[in-house]
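2 protein chains.
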Amino acid sequence: MPQEANVRLTLSTLIARRDFVALKKFLEPWLVADLAPMAAELSIEELATLFRQGSRELAAATFTYLPLDAQKKLLKTLNQEQAAALLNALPPDDRTLFLNELPLEIAMQMLGMLTPDERQVAQSLLAYPKHSVGRMMTLDFVAVRPEWSVREALDYIREHGYDRETLNIVYVVDADGRLLDDIRVRRLLLSPLDRPIRDLLDGNFTMLAPTDDREKALSLFKRFDRVALPVTDENQKLIGIVTVDDMLDVAEAEATEDIQKLGGSEALDEPYTTISLTRMVKKRASWLVVLFLGETLTATAMSYFEDEIARAVVLALFVPLIISSGGNAGSQAATLVIRAMAVGEIRLRDWWRVMRRELAAGLLLGLILGTIGFVRIALWAQFTNIYGPHWGLVAVTVGSTLIGIVLWGSLMGSMLPLVLKRLGFDPATSSAPFVATLVDVTGLVIYFTIAYAVLRGTLL
Amino acid sequence: MPQEANVRLTLSTLIARRDFVALKKFLEPWLVADLAPMAAELSIEELATLFRQGSRELAAATFTYLPLDAQKKLLKTLNQEQAAALLNALPPDDRTLFLNELPLEIAMQMLGMLTPDERQVAQSLLAYPKHSVGRMMTLDFVAVRPEWSVREALDYIREHGYDRETLNIVYVVDADGRLLDDIRVRRLLLSPLDRPIRDLLDGNFTMLAPTDDREKALSLFKRFDRVALPVTDENQKLIGIVTVDDMLDVAEAEATEDIQKLGGSEALDEPYTTISLTRMVKKRASWLVVLFLGETLTATAMSYFEDEIARAVVLALFVPLIISSGGNAGSQAATLVIRAMAVGEIRLRDWWRVMRRELAAGLLLGLILGTIGFVRIALWAQFTNIYGPHWGLVAVTVGSTLIGIVLWGSLMGSMLPLVLKRLGFDPATSSAPFVATLVDVTGLVIYFTIAYAVLRGTLL
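Protein sequence lines, in the order shown, are assigned to chains A and B.
The numbers in the first sequence follow our numbering, run straight up by one, and end at 544.
The numbers in the second sequence follow our numbering, run straight up by one, and end at 544.
In case anyone wonders, no lab produced these hints; they're calculated from the structure.
Careful, some of the hints might be misleading.
Since the list can't tell identical chains apart, any single copy or any two copies may satisfy a pair.
[Claimed, not checked] Subject to a maximum C-alpha distance of 20 Å in a straight line, what follows is the list of computed EDC-like cross-link-like pairs (lysine to aspartate or glutamate): (1) Lys214 <-> Glu236; (2) Lys160 <-> Glu185; (3) Lys306 <-> Glu336; (4) Lys108 <-> Asp286; (5) Lys160 <-> Glu129; (6) Lys300 <-> Glu336.
Input sequences plus hints: build the corresponding full structure.
Listed below in structure tokens is the structure:
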């Protein structure tokens, strides 16, 4: 956007010139929320100056757009008083997010900088479990009373609404603060001014509890096209709201978590670029070691067939091909089923439907790979002698093993996520490599059993 | 929600009793948008009755909440005239989505049912490329003129806004329909009524082109916390808007695509539960065959070392363990890097930073697995004789191969997505199994080369 580049350039120039009068004048007509994403592109030094000279609201809004490491650097460049002012001005939900990422002792220091009121808010938000709705909610909402008229409500909004993060939905509460309903602002705008708010209520609203998981909030937002959802305590008292813009971040974070687990590591929970090497290695090593220990069973399985391999070395040549084909088929099936479960297409009770599909799909895929494998060996045998005089039987062995192992991989890959879910685990944990390892070990047994049956009396 | 269950039950009961007077009365006070998600839970038969008896707007809104197969079934139960009424009442963006999923000849039939005006709208939306902003945009927006006062604008909204999908943002256009600015409704509400709209403009807005990819829209929504973004043509004329609720679906669809590719198949582009077996097998077979053909190179690689295997069968025992460890390390690295690229943490120019990280991480992970592998063989050798008299050398071979192959897998896995991106391909295509296959082939060469160096003169 040329517009954006201009704004950034003007800010940079005015800051470089230290022309703070012109800077104030330039900032004046802007809405803080519009300026913040552009200001966030400035350098740390420029931001520090802007924060000292600009409005506290602008500083707070811009701060929320910065990545974590820029936030930390910036706070270090401000003095105690400036940092305290900034922290106090942050929207409570963004502040919680930030404090939560800091080491405990620094978070405590920062809590100490807050005014008693803001500290109480921050502490209560931080007390909710990680990834809970309570951590994400904002306390800035507009609540009106049912006995007011539309005109009174609109006047109230005009007077008190300015600082609110979201004004698209207005909440109606009784004298005790209990939530009666939510009304879209459009509803207010489209109603005659003298109608009482009570007449606009339809009693239809969806609530979240502060202890709900953020995934639950995400699925409710997907289902009901709302821009905000109210959060209530056990007495149905309205204590905050969660806004849809945070949901895009939740959707991204949840997808990242699932993808990383599917890739065979623990979820990093931090950006790849900023996580410390030790923490990253720890998260990757744990699964890699588990998979490795599982995979050592392949060496055990192979050692049972050591005599067969010694007699027919040609069998060893196809071991990597066979186990990886089973593994790939298993990864595919596991990934498809895990994702379908995550987006709600498949539930536990659908297991038989999934199994029937995978029986059919696995058989077809196995036939395709088995045929290619058979043809490949038969072709090579015409031109070389590496597969020996019994190449035909070897081709039959490999071809039929492929049918069996691809079918087996598809079944294991599709059923394991359902079994894990049934046992109360996260299905994404049955990551593709996990399935591949399981299929590797069983695949070897299938391979050598078929080989023994086909090649007994000739090669074996 | 008990509330929801009640509404559903009441609707079911009234429909079963065919008490259409009471039904109309029950529906009357509800906002269509609130009722629709609950009505969508009814059975197909109940819905058909509701659609014939209820308002056309309710039918249209409810229709958008149904899954594709329910939508198809429902349209079949309605007669031509009812179906036409429903289709004409659908919001244009949802209608595009629906038509787009149908076989061409049925979509054409449906287009024929639309009024000339609606047909023109539908055809122009369908003309935009798949996954483009044009396909998702809605034409229902409120545009006001800069010379109006806030009061005039609010009156206009009150009169014309009722059907609009989104009223949270109002667009300001000149006499030719060119977009001058967007204003949040809150801004209107918070301004004195006699101020001209012109005074509220800050000239700061972000536009989309109808041909932009939906991913671009998603990233803009993430960056600017807006509930809607305007879509303009090449003359900056406002032609539609895209709303944030569609973005949650886009985020989900994009994540599904990436996950399915990472799992080693083409993106299904349809739900797992409803895609036809043939189409699913086609999408899975293509990659499985490519990976299989790549993997046949392992048989070729192994055949070069046939003599070594014949002399030292013990080497064959560790082939699955070694190649799968390399493959797992590669999958991990590839998944982490692909995801970090997708969320914008890593760009091409960061390749050296990534490589340094993976050198360090790969070496550490390799040392861990190498040590475990060494210890495992040494331990077993104390109790069994399967590794022969030279078990010490075998342990050294396997241990050092593991260090090398885990390091190699991490480097390949992290660099391949960057290389693919540089060449203009989708990095998610370098799916984990793809990396694993590459690492398998090269890993065998590493293994037998190290074995040859360590075991020459003893086993080999």
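Status of the hints after comparison with the structure:
no.	hint	result
1	Lys214 <-> Glu236	neither (39 Å within a copy, 47 Å between copies)
2	Lys160 <-> Glu185	within (16 Å within a copy, 54 Å between copies)
3	Lys306 <-> Glu336	both (14 Å within a copy, 10 Å between copies)
4	Lys108 <-> Asp286	between (46 Å within a copy, 15 Å between copies)
5	Lys160 <-> Glu129	within (11 Å within a copy, 64 Å between copies)
6	Lys300 <-> Glu336	both (15 Å within a copy, 15 Å between copies)
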